[in-house]
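Here is what each chain is made of, one letter per residue.
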Amino acid sequence: MRILYFAWLRTKIGTSEEELAPPPDVATTGDLITWLRSRGPGYADALANRAVVKVAVNQDYVGLDHPLSPNDEVALFPPVTGG
Amino acid sequence: MRILYFAWLRTKIGTSEEELAPPPDVATTGDLITWLRSRGPGYADALANRAVVKVAVNQDYVGLDHPLSPNDEVALFPPVTGG
Amino acid sequence: MAIRVQAEDFDVGAELAALSDGNTAVGGVASFVGLVRDVAGGDAVSAMTLEHYPGMTERQLAAIEAEARTRWPLDAVLIIHRHGRLLPGDRIVLAACASAHRAAAFEACWFLMDWLKTKAPFWKREETADGDRWVSAKEEDEAAADRWHTRTP
Amino acid sequence: MAIRVQAEDFDVGAELAALSDGNTAVGGVASFVGLVRDVAGGDAVSAMTLEHYPGMTERQLAAIEAEARTRWPLDAVLIIHRHGRLLPGDRIVLAACASAHRAAAFEACWFLMDWLKTKAPFWKREETADGDRWVSAKEEDEAAADRWHTRTP
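Protein chains in written order, with full-length UniProt numbering: chain A, 1 to 83; chain B, 1 to 83; chain C, 1 to 153; chain D, 1 to 153.
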């Protein structure tokens, strides 16, 4: 599974992209965030407040109950501020 | 008194501008329109329907009860269609 | 204040750039460019001529601009309106508002166009296959302008 | 469909002219140009960098454009959004809609900007005297986008 991070999630986690294979019990986007938090203090800090973490799977916005597949591109980022 | 006509009021009346001295009982813009109507068939035709005649005195919109002075610039025209 | 009534065309890019030039407090510029359409009331229009009332036009446009400035926080306002004979596709009018805030720029620009359509003394005469004709005012334009009497920005 | 995400600046006049070029059914073009402000939250901003999510950005902008086209009768739509480092006064974004009808052009353009602010995956990082900082999303932008859920054009 390809995981992308943007903006301050990227800087806190320290990478913009990684290839990960979450354990089988990580079934949804919400599960993924919970699992990522356990990977280290940068992750825990970046993902502390779910309310400000937006999730896209294969470049579409999804909720925290969205099911995951091994080949998904999952992106985590703060609320957007373009325009 | 300087009287200006625009758009189809101008073409029906046959002039864009004239200097007139209405009789003393022409006190308001409404009186002026009534008096102008009597000046010929072109005027009567152009001013037949007051609802579509707009009036400006000294380049500001006014109603039909607006008082007139001898040195006023009075303009009569249909509803505007610019933009 | 920037009000121009002219026969000549205008350079939209240069005009919009000038609105915010040197003022980095501006967050955005909303604008509207009105164009001559080739059809009106179902008939093909080959050209149109815009007549106006010199003097009153500038006066009314200045009043419309002043009103917009009292309603919204605007850094710059521009209205350019052409007169004379124009062909389909030609630019007729440009209204533009620069503001720190997007909503103010949009609302003020829309307000300018709605008021201009009902207050600025311009009259359009269309050339069609059946001859020339004066364009009638649209009730929908009156309604569009009227909503600004009650709507608070 | 015309969606462009690029580092380069754009020519507003040329882009707006191209929207109606050859289509004399267009009555007007409403547009918005977003600019980098020199101040944010009371602090002087010397520059900003726009990060984006390549691929998803184009996808979301295309979806926003498609939604606008279902809601309003539009002849042409254009969204250009820049990324990378920009200075105060620089253009960030251009949204423009061409339509036979003024209200459709204005509403659709405003809709595009409101949705773009809340849906397009861009993030601004500002450079200030106290260092760099990520811009926080504004609740007012969410509210501006939300009103399009209920408002019928």
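Everything labelled a hint here was simulated from the structure, so no lab data went into it. Be a bit skeptical, because a hint or two may be false.
[Stated by the list, open to error] Footprint (simulated), chain D over chain A, 3 or more residues, beta carbon under 8 Å: (1) 1-9; (2) 55-63; (3) 66-80.
Remember, it's a predicted structure, so these values are computed and weren't measured experimentally. Note that beta-carbon positions come from the ideal geometry of N, C-alpha and C, so glycine has one too.
Hint check:
Counting residues of the segment 1-9 of chain A whose CB lies closer than 8 Å to any CB of chain D gives 4, which reaches the minimum of 3, so the coverage claim holds. A count of 4 residues in the segment 55-63 of chain A with a Cβ less than 8 Å from any Cβ of chain D is obtained; the coverage claim is therefore met, three being the minimum. Judged by the Cβ-Cβ criterion of 8 Å, the segment 66-80 of chain A is covered by chain D as claimed, because 5 of its residues qualify and three suffice.
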